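Student: We have chain A; now place chain B onto it with these hints.
Those protein sequence lines, which keep their order, are chains A and B. Under the working numbering, residue 136 is the last one in the first sequence; the count climbs by one each step, no gaps. Under the working numbering, residue 496 is the last one in the second sequence; the count climbs by one each step, no gaps.
For the record, the hints were derived by calculation from the structure and aren't laboratory data. Source: prediction; values computed, not measured. Even glycine gets a Cβ: it sits at the ideal position worked out from N, Cα and C. Watch out, some of these pointers could steer you wrong.
Selected chain B positions facing chain A (in silico; Cβ < 8 angstroms) [as the list claims (entries may be wrong)]:
no., residue
1, PHE19
2, VAL222
3, GLY272
4, ASN280
5, ARG309
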Amino acid sequence: MSDYTRDMGETNGRKILVIEDEPPMLDAIVDTLSQNKFTVLTSENGKDGLDLALREHPDLILLDIFMPKMDGLSMLEQLRNDAWGHDVPVIILTNLNPEADKTIKSILEHKPAYYLIKSNVTLEAIISKIKEVLKM
Amino acid sequence: MTDTPQLLESSLQKIVILFPEAVLILDTNGIILRVDKQTLKMFGRESENELIGKSCLEFIAEQDKLTVDEAIKNIFNEGSIVGLQCNAVNKNGDFLRVTVNGSIISSEQGTKEIITVVHDITPHLSELEQAKEEKRQLAEAQQIAHFGSWEWDISSDSFRWTDEMYRLFTLSPHDSTVNQETLIEHVHADDKEKVKNFISQSLGEGSAKVDFRFVVPQNGTVHWYHSKSKTFYNTNHEPLRMVGTVHDVTHEKELDQVKTQFLSVASHQMRGPLTTINWNAEMLLQSQADGLSEMQKKYIQELYNASKRTVHLTNDILTVSELELGRMPFKPEKLSLPKIAKRVLEDYDHKLADNKINFKEVYSGDLPEIVTDLFLLKTVFNELISNAINYTPPEGTITMTISTDPTRTNTFLIAIADTGYGIPKDEQEKIFSKMYRATNAKTKVMGGTGLGLYIIKLILQLNGGEIWFTSEENKGTTFNISIPFAPKTEATIVIP
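Only chain A is shown next, with the shape it has when bound in the complex (with noise of 0.2 angstroms):
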C-alpha cells in the first residue's frame, strides 16, 4: 500500500489526486491522466487520501465513494471542513446513483462537488470534465 506519483517527465503543471480502491479502474484512469500530462497522487482509502490531499494541495480530487478505512462521503466532510480543502474542487466519480442513498443527496447539498457516474462516463469525458472545471 502506497502512495505514489507518477510522472511521466514533462506535465501541464495540474495536480491531481485520485482516490480510488480498485485497481483497474485505478490504473485506467491513472494512465489517461497520465497521457494527458496531469501529475497524479493516488490513494486507495479515504483517510490517507485525506492525509495526501492535506499535505499536497491538489489542483483537483477524482473521489471513489465505496472504500475501505473511510469511504468517499466522510472524506468530504473533513476535507471541506479544512481551509485548503473548503474550496478545492471534487469530481466524485462512483457507479452509485445520488438518489440511491440519502446520505449523499444530503452530503451534497452542502458540501458541493461534481458528480459522475463511472459506467456512463468514458475516460475522455472525464478528461474533458477536469479541463473544465480547471478551467484549463
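Tutor: For chain B alone, coordinates are given in the frame of chain A:
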C-alpha cells in the same frame, strides 16, 4: 293441456288445470274420492284407480301421518287446513316435500267433502339449499383468498358486501350499513382521490381498476388492495348497478418491493465490472494503443459496444427501480422544452448521420416554459428519440413536433412520428408493459430493453401527463405525449 280433465268435475277444473298443484277430494275420513291429473303426475301414478278409495295417509311419510290425520279431523273445527307442511311419498318411495291447503265443500249430493290442494316444494327446497351451499363455498373461498366482492345498486344507492369485504375493511357485517362513503372513508388519505376516480371511470367507461391502501384503524397497519369493477347499464346507457372485487395484494406488493430493491443493488454492482470493460476498451481503441491490427480493433469495438448496451440496460433497470420505489427525486424547475429536446438530440447526431435518417423538428412559436424535473424530462426525450431512431430503417424520416395541446388547457403536446417498422396490431395494447418488446422489434433491433416506454409512462404519472400512439406495421408509429405546463401536486408514483 287441451284435453278435458275427466277426473275432477267441478267448476274449478278450468282454473286448477293451469296450476302445478295437485287437487284431491277426500271424504271426511280422509279417503280419496277423486283426483286430478296433476295428482297422478306428482305421485307418479298412471291411473286414478291406484289412489281412489284409499286413505290419503297411505301416501304420507310415516313421521307425518299423525299430523295429517289430526289436521283432517280438526278441519271441522278449524274450517280449513292452511299451509300444512309434510312429507308425501310417491310411487318410487321418494319423499316429496309438500304444502297442503284444504277446505270443506259440499258435493252435488249435499254431503261434506274435503278439497285439498297439494303443492310440491321439493325442487324449490333443493334450489334453496344449493344456493345456501354455494354461498357458503363462496364465502370460504373469499376468506382464504382475502378476496371480497361488492355490488352497488345505483338507483336505490344500496350496497351489498360479502362477508370478506367487511373483514377486509375490519368491519362487522352485523353492525354496519355500508355506502359509498364507507368505502372512501377507510381508504388511505393519499389514495382517496384515486378511488373516487376509479368509481367515476367505471360509471363512464363500464369498467375500471385501482390499487389503493387501507389503513387498519385499530393499529395503523397499511394493507394494499386491488379493486376491479364492472358497470351494467339500461338501454338508455344509464348505469343500473356496479359490481366489483377487492383483493388483498399486500404480500405481492411487499415481494415486488424486495425484488425491486434487489434489482437496484444488483444493477449498482454490475456497473463496476462494466466500467472496467468500457474504460479498458476505450484505451485500447485510442490511437495511442499501437500494435493492434484492424481486425483486433474491430473485435475490441464489438466488446465495447456490447458493454455499452449492457450499461444502457443496467441504467434502465435502475431508473425503473428508483421510480417504482418512489425515491426518484423530482425537483421541478423552469425549462424550455425545445431547448432540452435539442440538447438530447445532439447525442444522436452520429447515429442519425450513420443511418441517413432525416430528423425534422417543428416547434410552435411562443411556447411557455415547462415546470418539471430536468433529469426526468431528458429521460423522456431520450427514450422517445432513441426508440424512433432504433425502429426506423435507414433513410427514413422522423418528425418531432412540440406545441400546446388544442384539446386541453395548460398542456403541451409532444409528437414523434417515424416511418419505421410500426407496432403489430395485436401487440399494441401490451407495448407499455414492463420488458415487453414487439415481435418485429426483437428481430430487427438488437439491444432494446423493453423498458423505455414503461419508464416514460412512470415518469408521466409523476408529471400528470399521458402517452398514446397510432401505428401501422411497416408504415410507422406516432407517439403522442401530453404533459401539463406544471405538475398539479406533489405526486407519488403507484405501480399498476
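Student: Hint by hint, say whether it matches the structure.
Tutor: Against the structure, the hints:
no. : hint   : verdict
1   : PHE19  : violated (78 angstroms)
2   : VAL222 : violated (21 angstroms)
3   : GLY272 : holds (6 angstroms)
4   : ASN280 : holds (6 angstroms)
5   : ARG309 : violated (12 angstroms)
Checked against the numbered hints above, the structure violates hints 1, 2, 5; every other hint is satisfied.
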